[in-house]
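Here's the letter readout for the chains.
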Amino acid sequence: MNKQVQAPHERAAHSDLIPAKPRVGDKVFTGLSTGSGVAILVILAAVAAFLLLRALPALTASADDIAAGGYTSNLAWLDGFWGWVLPLAFGTIWAALGALALAVPVSIGIALFISHYAPRRLAQTLGYVIDLLAAVPSVVYGLWGFFVLAPALGGLHRWLTTYLGWFPLFSGQASGTGRTIFTASIVLAVMILPIITSLCREVFLQTPKLHEEASLALGATRWEMIRMAVFPFARAGIVSAIMLGLGRALGETMAVAMILSGQNRISFEVLTAQNPNTIAANIALSFPEAYDLKINQLIASGLVLFIITLAVNMFARWIVSRRAAFSGAN
Amino acid sequence: MSTATLTPKRSASPSNSLTAGQLPAWTTPVVGAASLAVGFLAAWLLTGEIGLGLGVALSALVFLVVMHVASLTIEGGRRATDRLAKHLVVGMFLLALLPLVSVSLTALTNGINRLDPTFFSTSMRNIVGAGGGAAHAIWGTLIITGVAMAISVPIGLLTAVYLAEYGQGKPLARSITFFVDVMTGIPSIVAGLFAYALFGVLFGIGTVNGMGGAVALSVLMIPVVVRSTEELLRIVPNELREASYALGVPKWKTIMRIVIPTAISGIVAGVILALARIIGETAPLMIAAGFTQSLNTNPTSGAMMTLPVFVYDQYARPGVPREPYWDRAWAGALTLILIVMLLNLVGRLIAKRFAPKTGR
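For the protein sequence lines, the chains are A and B, in the order given.
First residue of the first sequence: 0, per numbering that gives the first Met the number 0; consecutive thereafter.
First residue of the second sequence: 0, per numbering that gives the first Met the number 0; consecutive thereafter.
Keep in mind the hints are simulated off the structure, nothing from the lab.
All residues carry an ideal CB built from backbone N, CA and C; glycine is no exception.
Just so you know, not all the hints are guaranteed correct.
Quick list of the computed label-pair ranges, beta carbon to beta carbon [stated by the list, open to error]: (1) S320(A) / L44(B): 53 to 61 Å; (2) I111(B) / T59(A): 46 to 54 Å; (3) A129(B) / P287(A): 22 to 30 Å; (4) M227(A) / A315(B): 48 to 56 Å; (5) L171(B) / G175(A): 52 to 60 Å; (6) I111(B) / L74(A): 44 to 52 Å; (7) Q167(B) / P287(A): 44 to 52 Å.
BS3-like cross-link-like pairs, simulated, lysine-lysine; straight-line CA separation at most 25 Å [as the list claims (entries may be wrong)]: (8) K20(A) / K169(B); (9) K252(B) / K26(A); (10) K169(B) / K252(B); (11) K208(A) / K351(B); (12) K208(A) / K85(B).
Required output: the full structure, derived from the provided sequences and hints.
Below, the structure written as structure tokens:
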């Protein structure tokens with residue numbers, strides 16, 4: 000009796016049933032597909048190994064070596080490679096968190112608009128319009144941020160520092176160019192918006208229709224239906240969407256490199272001319288002119304970025320797996 | 000008894016129990032128009048000029064507050080919350096359209112000047128100042144993304160087949176799924192550094208060429224292809240597989256003839272969207288494929304320019320005067336946007352044409 004519960008394609012493996020005769024096509028196909036899967040593991044191992052190989056000289060270099068031929072630390076309390084990379088890592092996370100804070104409410108709103116508010120006939124087209132935001136390459140966002148957005152936000156920078164300067168993040172002297180971590184975060188938010196939106200939209204659409212109808216039939220308004228039927232169902236999906244957006248924002252390079260005028264420093268003020276730089280932007284800006292130990296240092300900072308994004312992804316997976324029962328797949 | 004007689008007219012008297020306690024339908028447009036007027040007036044009074052951004056922001060604020068208060072007094076708390084949520088949700092959508100419109104308009108107005116035949120027919124070889132074009136970069140983009148696609152589509156597709164059809168529950172499949180997720184999170188610049196390090200070890204330190212760029216892009220593209228394909232293979236109904244097995248069709252043929260064709264629209268759309276994502280990548284190509292001003296169609300030797308790197312190069316290293324360089328940057332940006340949008344459109348058309356019927 001037990002065997003009937005098992006998935007149909009596994010049944011043939013049991014000896015009391017007539018075994019299918021082995022086929023060459025099956026063997027070749029199994030081998031090819033398994034081989035590709037293993038190839039992915041090999042590629043990833045190669046990424047880690049080669050990065051580590053080229054980063055090792057910088058990781059093992061003494062503070063004196065770095066002072067002689069590398070990028071030096073600006074921190075008083077930490078020198079050598081780590082003193083140089085720490086402010087960059089801070090800037091990376093800081094800009095990405097800012098982007099997330101701006102993008103998440105907007106994305107969830109848009110996803111809801113497309114899945115539950117817009118007329119059914121229009122919904123797909125509107126979804127496509129939002130996806131167009133993802134169609135714009137990051138270098139174009141960089142151009143746009145530099146030529147259009149940064150100058151346009153100059154007034155907002157001055158207003159915020161003047162009237163909301165008591166709030167620690169907005170304190171300090173407003174930047175004259177608008178090329179701040181604030182502007183960079185806005186552009187990053189625009190860039191991660193379509194990813195978060197499309198993932199949330201998919202999950203929202205998978206809400207069982209019976210849950211929604213039951214909720215409406217009990218007299219719930221549309222918003223109450225969304226809060227009580229859609230959000231609980233979609234929670235794991237939303238979290239994983241946010242984490243994917245965060246991963247994207249952490250690694251985003253060109254837009255930040257072109258918009259942010261950053262330095263190697265730690266600063267929580269988002270509107271001043273002295274901004275922390277991000278790892279990715281720093282690599283892009285410094286790599287063409289770098290040599291010897293500096294290249295190793297840049298690759299090592301790339302490794303740090305890799306580890307940060309790895310940690311974010313693993314955290315996301317952990318959250319999703321905790322609530323697997325609610326995922327859209329079943 | 001026709002049900003139509005039960006539906007009250009909209010202009011029913013206040014005593015009608017079905018429409019009592021509701022804001023009339025004209026409230027939204029009237030309050031909207033009034034808020035626009037008030038918002039722009041306030042913006043003008045505050046700054047002394049007609050500021051578009053500030054005006055719209057203030058109007059939106061006025062509209063939200065007025066509607067919420069009106070709804071709260073007439074319709075009650077639950078309906079007021081519902082209305083507020085609706086307005087916010089629509090507002091978020093409109094907010095997201097702003098950057099889209101702004102980016103496309105600026106790219107169009109700035110890029111259209113140099114979108115001439117010269118731009119597509121000449122490279123930047125021996126060009127100083129005006130003139131020149133992106134022919135070398137367009138060729139580079141085509142070659143590098145072509146090679147990247149040739150590497151990543153077979154690997155991605157077959158891995159997805161393994162995950163969805165063969166590996167269920169096996170430790171290898173679990174670790175592949177995990178590491179594909181990890182790979183999705185690889186920042187593009189790290190992929191570029193990897194290709195640079197790999198080619199440095201294999202062919203001598205400092206090697207940059209088209210293949211390096213293609214390898215870097217493949218690292219970014221493979222996980223996208225795997226994820227989208229696997230997702231689609233999983234939603235192919237098991238009944239189809241069972242029906243096929245019941246007819247005595249071998250497993251590999253079931254996959255090739257039943258499972259993949261059912262999901263093909265989504266698979267193609269996934270590949271094209273992955274392509275659209277990598278074609279605009281700048282950072283990894285800058286590091287792994289380098290910069291050059293001349294045409295190079297050999298991916299195995301010498302630096303190869305690509306369109307995104309061309310845009311960045313023209314923007315970041317302008318000569319004097321800067322305008323011709325920045326014009327070329329914008330023309331390149333516009334071309335890039337058009338290519339990516341075309342890819343998206345094609346992907347969607349294919350997806351729509353062969354899409355399986357769903358409930359919604």
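So, going through the hints one by one against the coordinates:
1. A hinted range of 53 to 61 Å for the beta carbons of S320(A) and L44(B) is consistent with their spacing of about 55 Å.
2. Between I111(B) and T59(A), the C-beta spacing of about 53 Å keeps the proposed range 46 to 54 Å intact.
3. Between A129(B) and P287(A) the Cβ separation comes to about 25 Å, which falls inside the hinted range of 22 to 30 Å.
4. Checked against the given bound of 48 to 56 Å, the beta carbons of M227(A) and A315(B), roughly 51 Å apart, stay inside it.
5. At about 57 Å, the beta-carbon gap between L171(B) and G175(A) stays in the expected band of 52 to 60 Å.
6. Look at I111(B) against L74(A): about 48 Å separates their beta carbons, and that is inside 44 to 52 Å.
7. A hinted range of 44 to 52 Å holds for the C-beta pair Q167(B) and P287(A), which are about 47 Å apart.
8. Of the supplied pair hints, the one linking K20(A) and K169(B) holds, its CA atoms being roughly 23 Å apart against a limit of 25 Å.
9. About 12 Å separates the Cα atoms of K252(B) and K26(A), which keeps this hinted pair within 25 Å; it holds.
10. Between K169(B) and K252(B), the direct Cα distance comes to roughly 22 Å. Compliance with the 25 Å bound is thereby established for this hinted pair.
11. As the CA atoms of K208(A) and K351(B) are separated by approximately 23 Å, the hinted pair is consistent with the 25 Å bound.
12. Pair hint K208(A) plus K85(B) holds up; C-alpha atoms about 20 Å apart against a cutoff of 25 Å.
Of the numbered hints stated above, none is contradicted by the structure.
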